[in-house]
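A.B. asks: Here are the chains, one letter per residue:
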Amino acid sequence: MTHPTSLDVERIRKDFPVLSRELPGGRPLIYLDSGNSSQKPTPVVETVREHLAMHYSNVGRAMHALGAESTEAYESARDKVAAFIGAPSRDEVIFTKNASEALNLVAHAFGPHLWGSSGEGTDPRFALGPGDEIVISEMEHHSNIVPWQLLVQRTGATLKWFGVTDEGRLDLSTLDELVTERTKIVSIAHQSNVLGTVNPVADVLRRAREVGALVMLDASQSVPHHPVDVAGLGVDFVAFTGHKMLGPSGIGVLWGRGELLEAMPPFLGGGEMIEAVWMDHSTYAPIPHKFEAGTPPIVEAIGLGAAVDYLQGIGMDAVEAHERELTAYALEALREVPTLRLIGPETLDRRGATLSFTLEGIHPHDVGQILDDSFGIAVRVGHHCARPLHLRFGIPATTRASFYLYNTTGEIDALVRGLHHVQKVFA
Amino acid sequence: MIGESMYQELILEHYKHPQGRGLREPYDAEVHHVNPTCGDEITLRVKVGDAGRIEDVSYDGQGCSISQAAASVLHELTAGSTVEETLSVVDEFTRLMQGRGQVEADEEILGDAVAFAGVAKFPARVKCALLSWMAYKDAVVRSAS
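Chains A and B are the protein sequences, given in the same order.
Numbering follows the working numbering, with no gaps: position 211 of the first sequence is 211.
Numbering follows the working numbering, with no gaps: position 56 of the second sequence is 56.
So that you can see chain A by itself, here it is in the shape it has in the complex (with noise of 0.2 Å):
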């Protein structure tokens, strides 16, 4: 299948009524937090609602016609997902609620554990115990901290981390000494959701398989924006979630090499993720079904899936270059900002279009609420769930402009216009 190399992004914007809506008060959507969360173009929308309207039933398990309409929608999303992330096969795309569902359930898989219908106990690769390492990095998202935190808790092993450098970059310089034969696991961004940096995977791989480690991708801000092939990237993990990518929300992914999720123990235990079951013991159904315990978010999943074939129609390569645009625009026209602070990498390389700011002296909560009272301009203000790094970078708090497919140059005018704005009210 061939791409455009640009897309049509009048066109696009049709596809979102949302963005043609008026706010109250006459104000103009300016939609720029779609890295927190995105916008669903109508075929997702028509998708769902025919799904419930006219196929809806429990998946797996129902022996009729609509259980088996249903079945086929769910499982046909799994290809779906499968076939947009490269993933060898269809069986190693587990779906969960969310990507911080993926990190736990990987995060779970670690430990003494005395699991197996045999009781043959932890495979080697997911024992973890004191003197055990986990490597993280501070520029993580809560999600991508918090599991591997309980799991030290849990475990008695240790948590470190990568720091990151006044550009915003994972400082790699103490890679040797941070990720060694002690460590069992690396779990990194692919791509900050506070930074834009989007991190040199293949050179942290490369020390992970020295040493043996696993290696884990928080995927959530790069899967919706990049093309990303699981298998080129030769991580071992990666998480990532649908409503980032114009699907519904209460659906993620999780993508792991087939042979380890085969050796981990389950995470929920309930339905459908069993085999047989007797009063003293189970066994668990083969993967993907040994990790989606009780009936599992149907019509969001099929969702996803319409999302995964609004994206491959346009062409990622294409949604890539459009936000590379806007990115290039934005860096540009945010330096004729007064004492704007950019928080991140101020060039196009290794970047993705995310931009965080400071204006100093006005907290990001004055210029996110006049932003959106003023000019209908919606942005995220606060640590977004990126606490460590804010602390890092001794500020509170950023305003977080964040573009996908549908945003245009013209918007980026108006969230400067917004921030001259802003400063006179504060000046």
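Do not rely on the hints blindly, as some may be mistaken.
In silico lysine-lysine, DSSO-like type, Cα no more than 27 Å apart, as pairs [unchecked claim]:
no., chain 1, residue 1, chain 2, residue 2
1, B, Lys16, B, Lys47
2, B, Lys16, A, Lys424
3, B, Lys137, A, Lys424
Quick list of simulated restraints, FRET-style, between CB atoms [claimed, not checked]:
no., chain 1, residue 1, chain 2, residue 2, range
4, A, Gly394, B, Glu13, 27 to 33 Å
5, A, Ser249, B, Glu30, 23 to 29 Å
6, B, Thr43, A, His142, 44 to 50 Å
7, A, Arg154, B, Lys16, 47 to 53 Å
Bear in mind the hints are in silico, worked out from the structure with no lab data behind them.
Even glycine gets a Cβ: it sits at the ideal position worked out from N, Cα and C.
We have chain A already, so just place chain B on it with the hints.
C.D. replies: Relative to chain A, chain B alone:
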């Protein structure tokens, strides 16, 4: 321009020129309050004099214009009043802030603090306005014990 009704001139004035800012001695009680959702924080000290009159409310902190201006207004309103009087202002202010914009403010009791009435319509910002006032209430209780 809905939002600018929240940023009343009086609030901006207090934000730009905070009254009584800075921690001072002597004091009877010191408290530190944080708004975990936005990271705003305040350290506040209370000195109660003879006959239960507030001699000084001193504070230091960081945060948005609403939280910082609210602390400045609090400082002004409490000076020279009795503890009992100030607590009734705190109660009225709390009632106004938690009224989702449906509560008519009593200007007699609130004085300058009535400028915050617009904040009540923004649930996410109510905690900003209340941060220093809740800290004050806490400090007064501690100073009595």
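A.B. asks: So, for every hint listed, does it hold in this structure?
C.D. replies: For each hint, the structure was consulted:
1. Lys16/B x Lys47/B: holds (25 Å)
2. Lys16/B x Lys424/A: holds (13 Å)
3. Lys137/B x Lys424/A: Violated, at about 35 Å.
4. Gly394/A x Glu13/B: 27 to 33 Å: holds (28 Å)
5. Ser249/A x Glu30/B: 23 to 29 Å: Between Ser249/A and Glu30/B, where Cβ atoms are some 43 Å apart, the hint is violated.
6. Thr43/B x His142/A: 44 to 50 Å: Given about 26 Å between the Cβ atoms, the range is violated.
7. Arg154/A x Lys16/B: 47 to 53 Å: holds (50 Å)
Checked against the numbered hints above, the structure violates hints 3, 5 and 6; every other hint is satisfied.
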